Amino acid sequence: MEYFDAVIIGGGAAGLMCAISAKQKNADKKIAIIEKNERVGKKLLATGNGRCNLTNQNINTDKYFGSFTKKSEYIFKEYTSEHLLDIFNDLGLMTYADSEGRYYPFCRQASAVLDVLRFACDRLSVEIFLSQSIRTLKKQNNSFIIKTNEKEFRSDKLVIACGSKAAPKLGGSASVTDYLKNFGHKVIPFSPALCPVKVRSNVLKSLKGIRATALVTLFDKNKNKIKSEHGEIQFSDNSLSGICIFNLSVYAQKGDVIRLDLLPDIAFSDLYNILFRHKVLFLKQALDNLFTGILQKRLSQAVLKISGLSDFSCICENISDKQIRDLCRTVKSMEFEITEKESFEKAQCALGGAHGSQIDEKTMQSKIVKGLYIVGEAVDICGECGGYNLHFAFSSGHLAGENL
Numbered sequence: 015m016e017y018f019d020a021v022i023i024g025g026g027a028a029g030l031m032c033a034i035s036a037k038q039k040n041a042d043k044k045i046a047i048i049e050k051n052e053r054v055g056k057k058l059l060a061t062g063n064g065r066c067n068l069t070n071q072n073i074n075t076d077k078y079f080g081s082f083t084k085k086s087e088y089i090f091k092e093y094t095s096e097h098l099l100d101i102f103n104d105l106g107l108m109t110y111a112d113s114e115g116r117y118y119p120f121c122r123q124a125s126a127v128l129d130v131l132r133f134a135c136d137r138l139s140v141e142i143f144l145s146q147s148i149r150t151l152k153k154q155n156n157s158f159i160i161k162t163n164e165k166e167f168r169s170d171k172l173v174i175a176c177g178s179k180a181a182p183k184l185g186g187s188a189s190v191t192d193y194l195k196n197f198g199h200k201v202i203p204f205s206p207a208l209c210p211v212k213v214r215s216n217v218l219k220s221l222k223g224i225r226a227t228a229l230v231t232l233f234d235k236n237k238n239k240i241k242s243e244h245g246e247i248q249f250s251d252n253s254l255s256g257i258c259i260f261n262l263s264v265y266a267q268k269g270d271v272i273r274l275d276l277l278p279d280i281a282f283s284d285l286y287n288i289l290f291r292h293k294v295l296f297l298k299q300a301l302d303n304l305f306t307g308i309l310q311k312r313l314s315q316a317v318l319k320i321s322g323l324s325d326f327s328c329i330c331e332n333i334s335d336k337q338i339r340d341l342c343r344t345v346k347s348m349e350f351e352i353t354e355k356e357s358f359e360k361a362q363c364a365l366g367g368a369h370g371s372q373i374d375e376k377t378m379q380s381k382i383v384k385g386l387y388i389v390g391e392a393v394d395i396c397g398e399c400g401g402y403n404l405h406f407a408f409s410s411g412h413l414a415g416e417n418l
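Residues 15 to 418 (the working numbering) make up the sequence shown, in order.
No lab work stands behind these hints: they were computed from the structure.
All of these numbers come straight from a predicted model, not from anything done at the bench.
Built from N, CA and C at the ideal position, the CB exists for glycine as well.
There's no promise every hint is true.
Within a straight-line C-alpha distance of at most 27 angstroms, the following computed DSS-like cross-link-like pairs (lysine-lysine) qualify [claimed, not checked]:
{"no.": "1", "residue 1": "Lys195", "residue 2": "Lys56"}
{"no.": "2", "residue 1": "Lys360", "residue 2": "Lys241"}
{"no.": "3", "residue 1": "Lys381", "residue 2": "Lys43"}
{"no.": "4", "residue 1": "Lys219", "residue 2": "Lys235"}
Have a look at the derived ranges for each label pair, beta carbon to beta carbon [to be verified]:
{"no.": "5", "residue 1": "Asn40", "residue 2": "Lys183", "range": "33 to 39 angstroms"}
{"no.": "6", "residue 1": "Ser139", "residue 2": "Lys237", "range": "58 to 64 angstroms"}
{"no.": "7", "residue 1": "Gly106", "residue 2": "Asn238", "range": "48 to 54 angstroms"}
{"no.": "8", "residue 1": "Gln123", "residue 2": "Asn236", "range": "45 to 51 angstroms"}
{"no.": "9", "residue 1": "Arg312", "residue 2": "Leu144", "range": "47 to 53 angstroms"}
{"no.": "10", "residue 1": "Gly106", "residue 2": "Asp374", "range": "30 to 36 angstroms"}
{"no.": "11", "residue 1": "Phe282", "residue 2": "Gly106", "range": "51 to 57 angstroms"}
{"no.": "12", "residue 1": "Ser220", "residue 2": "Ile382", "range": "50 to 56 angstroms"}
{"no.": "13", "residue 1": "Lys152", "residue 2": "Ile240", "range": "41 to 47 angstroms"}
{"no.": "14", "residue 1": "Gly115", "residue 2": "Ser157", "range": "43 to 49 angstroms"}
Let the hints inform the model, and build the full structure from the sequences given.
So this is what it looks like as structure tokens:
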């Protein structure tokens, strides 16, 4: 059995940062990372489309959802985006911000973020054990006993940093649920987040592959507005995706309704006038030409179908004023009922994890088990797209490391 001052389960963003922080605070401490994959940071390499969006200029609790959200305010005051960037700068990483306030490595490669973390672990003599599957975790007297498929460890402190169920091909699993429950923790079941949503519609297949910019609003089953997002959406044969859809998926439930305003910058009355003018200009043209220069052809055909005008051979001069108003209503409020969220395979992160009420936000230590720390995706908190989840992972990991 090998002894360590602290063992960290999981070599992702939170786990690596936790190990570095702990060794920087006390170089004499023996710190180990146990990782089930053949390498650390696999999920980190896939973030930000391979560019790694590591934080955002607009970090605040409004961008997060989950039982730890209110408590995270303390962490975000301690770890602003500037503070986190300073930490990475000290590790040797240059960064830049895009026009949306999202920070990336200067070289535009996620591998650079992982490299500076790996190099720091090597420089600080963090011991990393790869391809290790956890068999048992238990607390015995004042120590933690960790058994894997190959080794047995004993430590004074244990950090749960093994992520969520999202992206199983990159190592995501629900194992953290069992670990936490065995220690007596209340756990919120995982559900997909930041993912496409499947919807019910008879026009969706005809829209497959189309991208459009829209104001997207989520309503509950009782037509109460939940949240709005503006941005690009993408249609598939049975679902909607895009960053704005991903952000709304955090709040979405089966039976909720997504409403699209396909022309948010054009008022209803102005759109009516435009279409009426097109009717006059395109008198003898087929009806699906009415939206020429306004909407893509397939999208305009879907609008016509939803509005009850599926005969495209009809010419523009035959459309009535009422039908033009119906078309305007469809363009400004195209609705899709959500049937379910996409699977964990297509989710960027997950809702669920250790309940926030049982974690001390000033240390990330469990309030149930002394010496147990919970960080990153193992905590019940999920941020929007834009670097918010990585910011929490790095910040919570660093905070825990300083308190080991």
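Can you let me know if the beta-carbon spacing of Asn40 and Lys183 is within 33 to 39 angstroms?
holds, 37 angstroms
Confirm or reject the claim that Ser220 and Ile382 have a C-beta distance inside 50 to 56 angstroms.
holds, 53 angstroms
Given the hint that Lys360 pairs with Lys241, test it: the Cα-Cα distance must not exceed 27 angstroms.
holds, 22 angstroms
Are the Cα positions of Lys219 and Lys235 separated by 27 angstroms at most?
Given that 27 angstroms is the threshold and the Cα spacing comes to 24 angstroms, the pair holds.
Using the C-beta atoms of Gly106 and Asn238, is the stated range 48 to 54 angstroms upheld?
holds, 49 angstroms
Hint says 43 to 49 angstroms; check whether the CB-CB distance for Gly115 and Ser157 agrees.
Given range 43 to 49 angstroms: holds, Cβ gap about 44 angstroms.
Taking the Cβ atom of Phe282 and the Cβ atom of Gly106, is their distance within the range 51 to 57 angstroms?
holds, 54 angstroms
Given the hint that Lys381 pairs with Lys43, does the C-alpha gap stay at or below 27 angstroms?
Distance of about 23 angstroms is within 27 angstroms: holds.
Do the Cβ positions of Lys152 and Ile240 conform to the proposed distance bound of 41 to 47 angstroms?
Since the Cβ atoms of Lys152 and Ile240 sit about 42 angstroms apart, the hinted range of 41 to 47 angstroms holds.
Hint check for Asn236 and Gln123 - Cβ pair distance inside 45 to 51 angstroms:
About 46 angstroms separates the Cβ atoms of Gln123 and Asn236, which means 45 to 51 angstroms holds.
Take a look at whether the Cβ-Cβ distance between Gly106 and Asp374 falls inside 30 to 36 angstroms.
holds, 31 angstroms
Just to be careful, I want the Cα atoms of Lys195 and Lys56 compared with a cutoff of 27 angstroms; is the pair within it?
holds, 26 angstroms
No hint from the list above goes unmet by this structure.
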